[in-house]
Structure formats: C-alpha cells, structure tokens
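Visitor: Build out the structure end to end from the sequences listed, making use of the hints.
Residue numbers (the numbering used here), protein chains in the order written: chain W, 1 to 421; chain Y, 1001 to 1183.
In case anyone wonders, no lab produced these hints; they're calculated from the structure.
Careful, some of the hints might be misleading.
[Claimed, not checked] Straight-line alpha carbon distances no greater than 20 angstroms define the calculated EDC-like cross-link-like pairs of lysine to aspartate or glutamate that follow:
id	chain 1	residue 1	chain 2	residue 2
1	W	Lys362	W	Glu373
2	Y	Lys1076	Y	Asp1042
3	W	Lys362	Y	Glu1049
4	Y	Lys1076	Y	Glu1174
5	W	Lys362	Y	Asp1055
6	W	Lys362	W	Asp275
[What the hints assert, rightly or not] Computed footprint of chain W on chain Y, listed as stretches where at least three residues anywhere in the stretch have a Cβ under 8 angstroms from a Cβ of chain W:
id	stretch
7	1003 to 1010
8	1015 to 1021
9	1049 to 1057
10	1096 to 1104
[Stated by the list, open to error] Computed list of chain Y residues with no C-beta within reach of chain W, every gap over 12 angstroms:
id	residue
11	Gln1060
12	Glu1090
13	Thr1171
The beta-carbon is built from N, C-alpha and C at its ideal position, and this holds for glycine as well.
Listed below are the residues making up each chain.
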Amino acid sequence: MLRQIEGSRAVAETVALCRPEVVCAYPISPQTHIIEAVGAMVKAGDLTPCEFINVESEFAAMSVAIGASATGARAYTATASQGLLFMMEAVYNAAGLGLPIVMTLANRAIGAPINIWNDHSDAMAVRDSGWIQLFAETNQEAADLHVQAFRLAEELSVPVMVCMDGFILTHAVEGVDILDQSFVDSFLPPYEPRQVLDTSDPVSIGAMVGPEAFEEVRYLAHLRQLDALERIPLIAKEFAEATGRESGGLVRSYRTDDADIIIVALGSVLGTIKDAVDIRREAGERVGVVGITSFRPFPGRAVHEALSHARQVVIVEKAFSLGSGGVLSTDVAMAMQGTPLTLRTVIAGLGGRSITRRSLEKLIEAAGRDELEGLTFLDLDNGAVERERARMSATRRSGPSAENLLRDRGTVSSVKAKEEV
Amino acid sequence: MVTAAEILSVAAFGEGRHAQAFPSFGSERTGAPVVSFCRIDDFEIRTREPVMEPDAVIVQDVTLIHQVDLFSGLSKDGYVLVNTSRDFDELGFGDFFSEFRPERLVTCPATELALELLGRPLPNAALLGGFAALTGQITMTAIDKAVRDRFAGPVGERNAAAAAAAFSFVTSKEEELARASSD
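Guide: Quick look at the structure:
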C-alpha cells in the first residue's frame, strides 16, 4: 500500500516482511530509526518468530549475525560509519564464510573530524570485503532492495549490504508502496542454508586454510560475485514483472541515448542529477545519467555498454581515496579500458555538504566546455583552504585544522545577513 | 519542527499530491536549532537538495531570528509565518520585509494557542493550521486529518483544535488586512 512514511520506517517494515529470525544491532545515527522500528515490531509480537538482540557493540552485532546465520537463521542487522568500521573484522568474516546476512548501511561519513552526515566513505571502506553492495536511489528502492537482497544473499550464500543515504533517505518522509506479505513470501522462499551448524550432522565452519587452498577459496568467492552479476538483473526483472517497479538491477540509464556527456553516480543524488540534466537538456546540451545500483559486484560490462557511445563521462562520487582520487572512477576506468572516452571525477557531498541542482548544472556546463579537470571537488571553499594553509606555514603551532576551519566560518543572523546585502 | 514538516507532507499526500519532508540532516535533537523542509508538487519529487529558495518559511522559535539567517533564499513573493504573540515591528523587523507582500506575512501565537488547547507548548499543529490559512496551499480538512492520523485519541482532538484555532486566527487577520487595504 502506498503510504507517506519515513524511509527508515519503510525499510523496517519491509525487513519485517522478509521474516528475519534474528535481528541484532547497535544503534548509531542515521541507522537508529530502522532498528528502533524493527525492535518495536518484535516486541509487539508483529514480527514472529524473531529474536531481537540488543548487543553491546557493532562488533557483537555482526558476530551474532554470523552465529545466527551459521545455525540456519535468517539474520539481519544495520549500521553506519564508525559502526561499520568497528565491525570490520566480522564484516570480512561474514563474507569469507559465505553467510547470507543482509545489512542496511545508512551511509554516513567517517571521522575524524566527527561527522554524522551523509557520504559514501563507509561503504567504500568495505568494498573489497566480499559483500554485495546495492545502492538505493529512493526510499521506494531502498525498501524493495531488501527483499531482493535476502533472495540474492540466500541463493548465492553471499552477504548483501543495502546502502541508503543517511538522513537524505533514512529521515526523508515520502510516498513508499510497502509490499504485501503474500508477495514477499512468494518472492522469498524460506532460507535453505548451504552450510549449517547442526549437532546431528556436525561440520566445521571457519577452520584455518593455508596456502594450499586459500587462493582457491577466494577465487570461488569471486566467482559467486560474478554469478551475482547474472542473478541481480534476473531478480530485478522478476520483481518488476510482479510489482511494476524498476527497483534494483545493475545499472540504470536516463536520457543517455544521444548523450555526449554522461554523469555516473551512486544513490540518492541521482534524483538531483536527473533534475539538473533535464534543465541542461532544455538548454540544448546532450547529457544523460547512469546510476549504478550494484557497486559490488561491479557490473563492468553493463557500465561499458551504458557509457561507450558518450564522449565524456563525469563520475560524481561521495567519497574518495585520499592521495589518489575517485573510487568509483577507478572501477569505471577499468570498465572503459581501450575506449577514447574522457573520464572526469567530481568529489561532492562529503560529510553532508548539500549537492545542489545549481552546482550540478554548472558542472554540466563546464563539462560541455571541456573545462573539467581530472579531479574536481564540487563547491570547495578554496579561500578557507588557502587561509588554513597560510596559518600552517606562518606558524608551527597552528593548531587543529578542523577547528580552525570552523572558526573561519562563523555564524550568520537574519538581520546581519540583510545588513550585509 | 520535524514533526510539522512530516504532518504537512502527509496532509499533501492525502490530497493526492507528491510530497517530501526531511529534517536538516542530523541536527534533529532537542534544544538545537532545527530546520525541516517540505516540498509539495503535482509531479514526482526527485531532488534531494535542501530547500534553497523556499516559497514559505515557518518560524517556530522566534529567538532564532537573531542567530540564524532564517529568510535566506526567500523571494519577495514568499510567505512568512512566525510563531509569536508580537508583530513584525516589535520583533525588530521594522523594514526587513518592506518589499514583501503584507498579506503574505503573518505572526501567530501558536505556542499560546497550544498551551491553551493542548496544555503543552507544542505549536506544530497550530502552525500548520496557520500555514493553511496564510497560503491556501493545503486545505484545513487535509491538515485536520493528518494531525489526527499522527496523534491518536484526545491528543489528536486537542492538536486538531489548536490547528483550527490558528486557522481562524490567521484567516481573521488576513480579512482584517484586506479590509484595511481596501479602505
């Protein structure tokens, strides 16, 4: 039923429709509303049988999910940012063991400096862990992806992370069509584990593997990721046929047929980018958008097909590798090897900085004039950076840069703002 | 404020429109200055940027006026609803709004109405009633329903009463202004 609800609520209700048997989590903004809502449903007896375990940390959350999944339970957790980093060792273990846990990642920046707002640094920090990572563009897609995630995870015995932009999606109230239980039950059959800790048929899971087989174990995990590249579009197609909604899949193109310039991005910023593209289209610019839903596994062939007819590709990323550049850009560059395409990376929206339609329009205009450099930081306050660089070169004890930049900013009142104009 | 934006979006949704409400990300904790946004449209709302150029600004806490640039991006045709029992001159806004349309500026004692009708200083519902009267962008019927959906039982009744009281207050203020300008 279509309802006007918060993204977190939509995800919590959809997760409940997936009938998880163990939910274990530690609260962290901006994931909290999801976990609170699932917890309340368990407590009220609306989600049963399900054990909700309040754990003492994120490390425990993922450890409990691993234990639960290994005994054959459908396990779910959610986290963000520092919480994900705190569970990092267990995140790798869940993937290495091939346990089909589903986790919501309410994408948030990583400190220091501490910052609770949205970017994709957390997701990028675990991109090599062996988890499938699916990015939601809207709250509708975030909700829908969870059903697809459990199905995919359990078919392949691979954990799946649904990435949704913290606050921007988790705290946004908008129309979401929540699936009904009978559909979810038919789409997502009961969990049939490939491996299970069972006292009547004992096995070891997670024993030491030496050089004689480790590479093969890893290669098999890679092959399962490649299998996922086949399964993801089929699951999305089946979902679309039943619901009429285009949720999930590998990549989605918007107005790219005749596009000279294509913007590539992950997650909720795609909506704002589409608005900017429509405006630049009206001005005669041939520009389109490709949204990547499956970041891991990376759909190299699909990306190649979606981009190869363009002249220039601009990758807008909410995270970057310090000292190198774009992360998504590296994957796109690999996919586009051997083509004459010009690739440009734009880092935007770090730590919750608003990515505005106007800035994106200017970006598209600059791309059209071939003025973009290889690596650009959208709306970077160069003056503030220069002033701090000057302070640093003027004196050895220049102090903490983060706090210096905050002091540099100051605050503005309504009346003062008027007087300044 | 976060609740007010959410209820407004639910009211618009109830009228068959597309709506999107969201807080100024991350700051929605008790006591901190909070900005919350609501977009209402006849088409799908795709953008995720904060509202940079509002058509209307509702100020719940008038003490923020000298701390934050509340009216940034608001055009001269914009609507302003301020929760206060004082008027704009008394707030020190003398000529701040001189180029704005007077019938689109109103102060409303939403907290006092809430104290009177709810017994608690929670002005959200009253502000939404005032907003409906000021802008006509949403019907009072839709606000009433969304408020009752949000708050069950007697709390819903009392919030709906506060919304209705603010609606009448702002409506009569607007009528008074119309009479004064036609004189």
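Visitor: Decide, hint by hint, whether the structure agrees.
Guide: Against the structure, the hints:
1. W:Lys362 <-> W:Glu373: Between Lys362 (chain W) and Glu373 (chain W) the Cα gap is close to 14 angstroms, so the pair holds against 20 angstroms.
2. Y:Lys1076 <-> Y:Asp1042: Given pair Lys1076 (chain Y), Asp1042 (chain Y) is violated - Cα atoms ~24 angstroms apart, limit 20 angstroms.
3. W:Lys362 <-> Y:Glu1049: holds (15 angstroms)
4. Y:Lys1076 <-> Y:Glu1174: Holds. Lys1076 (chain Y) to Glu1174 (chain Y) sits at ~18 angstroms (cutoff 20 angstroms).
5. W:Lys362 <-> Y:Asp1055: violated (23 angstroms)
6. W:Lys362 <-> W:Asp275: Within the cut-off at roughly 13 angstroms; holds.
7. 1003 to 1010: This one holds; 4 residues, not fewer than the three required, reach chain W with a Cβ under 8 angstroms.
8. 1015 to 1021: Three-residue rule met by the stretch 1015 to 1021 of chain Y, so holds; n is 4.
9. 1049 to 1057: Check passed, 3 qualifying residues.
10. 1096 to 1104: Since three or more residues must qualify, the claim that chain W covers the stretch 1096 to 1104 of chain Y is violated, with 1 doing so at under 8 angstroms.
11. Gln1060: holds (14 angstroms)
12. Glu1090: At roughly 14 angstroms from the nearest Cβ of chain W, Glu1090 (chain Y) sits farther out than 12 angstroms, so the non-interface label holds.
13. Thr1171: holds (26 angstroms)
Comparing the model with each earlier hint shows violations of hints 2, 5, 10; every other hint is respected.
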